[in-house]
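Chemist: Given next are the chains, with one letter for each unit.
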Amino acid sequence: MFERTPEVTSSDHFKCTDYLFEPAVASSDVKMNTIIEARGLTKVYPPSTRAVNQVSFSVSEGEIFGFLGPNGAGKTTTIKMLTTLASITDGRCNVGGYDVRTQQDGVRRNIGLVPQDAAVDGDLTGMENLVLSARLYKVPDEEIKRKADELIGLVGLDGAAGRLTRTYSGGMRKRLELIVGLIHEPKVLFLDEPTLGLDIQTRTAMWDYIKGINRDRKVTIFMTTHYLEEADSLCGRVAIIDHGRIKALDSPNALKSSLGRDILEVELPEGPDISAKFSSMEGVTEVSRKGSVYSLRMENSGKSLQEISVGLWELGLEVKDVRLTRSSLDQVFLNVTGRLIRDEVVDNADSLIAMARAERARN
Amino acid sequence: MMSETKELMVRDLKKWFRSPAWLFASLVQPVLWLVLFGNAFNPTSMIPSFPGSGAIKTQILQSTFGGAPNYITFLTAGMLCFLVVTWAMWAGGPLVTDRSLGYLNKLLVAPISRTAITFSLLLSSILKGVVLSAILLVVALILPGGLVFASGFGVANLLGIFTALILLSVGFLWLFMMLSVRARSFETLAAIGSTLGLPLLFASSALLPTASMPGWLSTIAGINPISKAADVIRYLIVQGALSGGVLSTVTFDLVYLLSFAAVCTLLGIYASNRGLRME
Chain V
1 MFERTPEVTS SDHFKCTDYL FEPAVASSDV KMNTIIEARG LTKVYPPSTR
51 AVNQVSFSVS EGEIFGFLGP NGAGKTTTIK MLTTLASITD GRCNVGGYDV
101 RTQQDGVRRN IGLVPQDAAV DGDLTGMENL VLSARLYKVP DEEIKRKADE
151 LIGLVGLDGA AGRLTRTYSG GMRKRLELIV GLIHEPKVLF LDEPTLGLDI
201 QTRTAMWDYI KGINRDRKVT IFMTTHYLEE ADSLCGRVAI IDHGRIKALD
251 SPNALKSSLG RDILEVELPE GPDISAKFSS MEGVTEVSRK GSVYSLRMEN
301 SGKSLQEISV GLWELGLEVK DVRLTRSSLD QVFLNVTGRL IRDEVVDNAD
351 SLIAMARAER ARN
Chain G
1 MMSETKELMV RDLKKWFRSP AWLFASLVQP VLWLVLFGNA FNPTSMIPSF
51 PGSGAIKTQI LQSTFGGAPN YITFLTAGML CFLVVTWAMW AGGPLVTDRS
101 LGYLNKLLVA PISRTAITFS LLLSSILKGV VLSAILLVVA LILPGGLVFA
151 SGFGVANLLG IFTALILLSV GFLWLFMMLS VRARSFETLA AIGSTLGLPL
201 LFASSALLPT ASMPGWLSTI AGINPISKAA DVIRYLIVQG ALSGGVLSTV
251 TFDLVYLLSF AAVCTLLGIY ASNRGLRME
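Chains as they are written, first to last, in this note's numbering: chain V, 1 to 363; chain G, 1 to 279.
Hints are supplied without guarantee of correctness; some may be wrong.
[Stated by the list, open to error] List of simulated lysine to aspartate or glutamate pairs, DMTMM-like, C-alpha gap at most 20 Å:
| hint | chain 1 | residue 1 | chain 2 | residue 2 |
| --- | --- | --- | --- | --- |
| 1 | V | K320 | V | E307 |
| 2 | V | K290 | V | D273 |
| 3 | G | K14 | V | D273 |
| 4 | V | K218 | V | E150 |
| 5 | G | K15 | V | D123 |
| 6 | V | K138 | G | E7 |
| 7 | V | K138 | V | E185 |
| 8 | G | K6 | V | E128 |
| 9 | G | K15 | G | D98 |
| 10 | V | K303 | V | E265 |
| 11 | G | K6 | G | D98 |
| 12 | G | K6 | V | D123 |
| 13 | V | K277 | V | E267 |
| 14 | G | K6 | V | D141 |
| 15 | G | K14 | G | D98 |
| 16 | V | K218 | V | D149 |
| 17 | V | K320 | V | E267 |
| 18 | V | K187 | V | E150 |
| 19 | G | K14 | V | D123 |
| 20 | V | K138 | V | E150 |
| 21 | V | K145 | G | E7 |
| 22 | V | K147 | G | E7 |
| 23 | G | K6 | V | E142 |
| 24 | G | K15 | V | E128 |
| 25 | V | K187 | V | E143 |
None of these hints come from the bench; they were simulated from the model.
Kindly generate the complete structure, drawing on both the sequences and the hints.
Modeler: Written out as structure tokens, the structure is:
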């Protein structure tokens with residue numbers, strides 16, 4: 001009857017995040033915990049395409065931070081600026097303690113990137129891809145084998161490490177790309193649309209791997225996605241980005257309770273209108289009625305539900321049916337951008353990549 | 001920079017070995033060229049047999065082919081040059097593919113020198129060129145009526161041949177690398193490479209002596225680095241020990257090739273680093 005409340009990932013990361021905004025904490029502590037700091041980040045592609053416009057945010061160590069938005073919102077451009085692939089038109093940005101504009105080498109040594117498209121070479125085996133990446137990042141030779149084996153085990157690619165990656169399925173390839181980005185133990189891992197084009201089972205499996213990596217290896221993750229469920233299930237905090245601007249930024253639950261709505265539908269036997277009674281209950285912000293079905297918009301559904309059930313019991317009313325619609329990021333997105341994320345036309349490049357992946361998976 | 005250049009070069013060589021069609025084509029192509037060009041363009045075979053025709057053929061070879069004992073001996077030098085230039089044209093191919101697949105971004109976020117990305121492809125192409133040139137030389141020697149070295153031919157001549165080939169290849173490698181870092185699709189590279197390949201070959205002394213060409217063509221062939229390299233190699237094969245006028249011609253041509261390689265390298269490093277800079 002009630003929908004499962006989405007699991008909140010690693011609650012301790014919230015604490016880190018929270019004290020960013022807690023004035024009681026000394027400013028030096030805040031500095032130590034902030035691993036990505038962007039202020040007024042702007043990217044203009046000539047002649048005048050403002051792909052990213054005055055974007056500011058900070059990410060704390062250990063967090064999974066997500067950029068949620070439709071295709072073309074500026075997510076990939078932001079990742080490109082943060083990872084030194086694209087120049088910054090305006091604003092400043094610090095990643096892992098290095099200025100992205102002036103200390104590119106420092107940034108590069110401390111980050112890993114899993115780009116949207118091919119991040120591994122199809123003509124090399126899984127192991128060779130890992131070793132090549134390790135060598136490029138100057139991981140000491142004697143540690144490479146151990147680290148590679150450990151990561152291969154972590155994502156369950158043990159049997160496939162010796163195979164050419166062009167024979168991998170889409171899901172296997174994505175898992176390999178994930179660990180290739182981790183071999184040099186970066187402080188921050190950037191994931192650009194980590195499950196694009198994967199089927200739903202493979203996608204949920206990827207979520208588990210990403211959560212595991214974040215939890216066990218203490219890697220901060222900055223990711224982009226246009227899947228609402230993905231942002232909801234993975235991210236500690238989400239920035240909703242549209243047309244190059246951040247429209248809202250908070251934890252998925254906070255976004256849902258402030259910008260979404262939980263609606264409880266209560267069906268009662270035929271009788272007089274008791275809307276006023278519902279309105280007076282604590283936590284109910286809006287009541288509408290259709291025949292004997294009342295729709296109650298609630299502020300904080302956990303607490304409100306208790307109030308409402310007590311209220312109904314006190315009224316001595318027999319309840320025929322109840323139905324709870326939890327607030328979703330879908331509604332949040334609609335609320336802040338004025339349209340549904342699913343209405344977006346899938347970008348050509350995206351659908352081509354998805355098709356290519358599906359093709360590879362079939363062969 | 002050296003270690004990452006080596007790693008990326010090994011990657012490129014692995015890819016070459018693992019693509020059976022590509023490997024087969026690269027091994028068979030030089031042999032096909034030598035056999036087919038060697039028979040189709042052979043001017044001495046155009047003379048019908050009659051009493052005394054042998055002497056005329058010898059005289060043609062003597063006067064127009066710089067004393068080469070047969071056409072294949074003349075042609076081998078040209079084919080060696082064509083081989084390394086062809087390899088140079090496609091050396092940037094993996095870069096174009098990496099860019100279109102997205103793998104290039106993976107390399108660009110790594111803390112490696114941008115030059116390592118182009119250098120690795122350059123070195124791997126030179127290595128392939130040297131190995132395939134050696135195979136071509138062996139095949140030319142085995143062919144019936146094939147390559148004959150002059151009596152004074154020694155290790156120094158062999159070193160000279162490969163020096164000329166490497167200088168020629170470095171020049172063309174950087175020229176085409178400048179294109180490859182800009183090209184957004186393999187088709188661009190293929191179109192330019194296939195348009196320039198044969199004209200570069202024909203407008204040189206690789207197949208036939210420039211003396212038999214019309215004036216304008218022989219002028220173009222005269223400045224074509226392929227001609228310089230082909231001439232150097234030809235002298236080293238046909239004359240054995242060099243001396244006097246030939247030695248100074250060879251020295252001049254080698255300096256010409258060295259300057260060609262140096263200028264292209266400078267331009268190439270500059271242009272390819274620009275091509276790989278941030279969006």
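Chemist: Which numbered hints turn out to be false for this structure?
Modeler: 3
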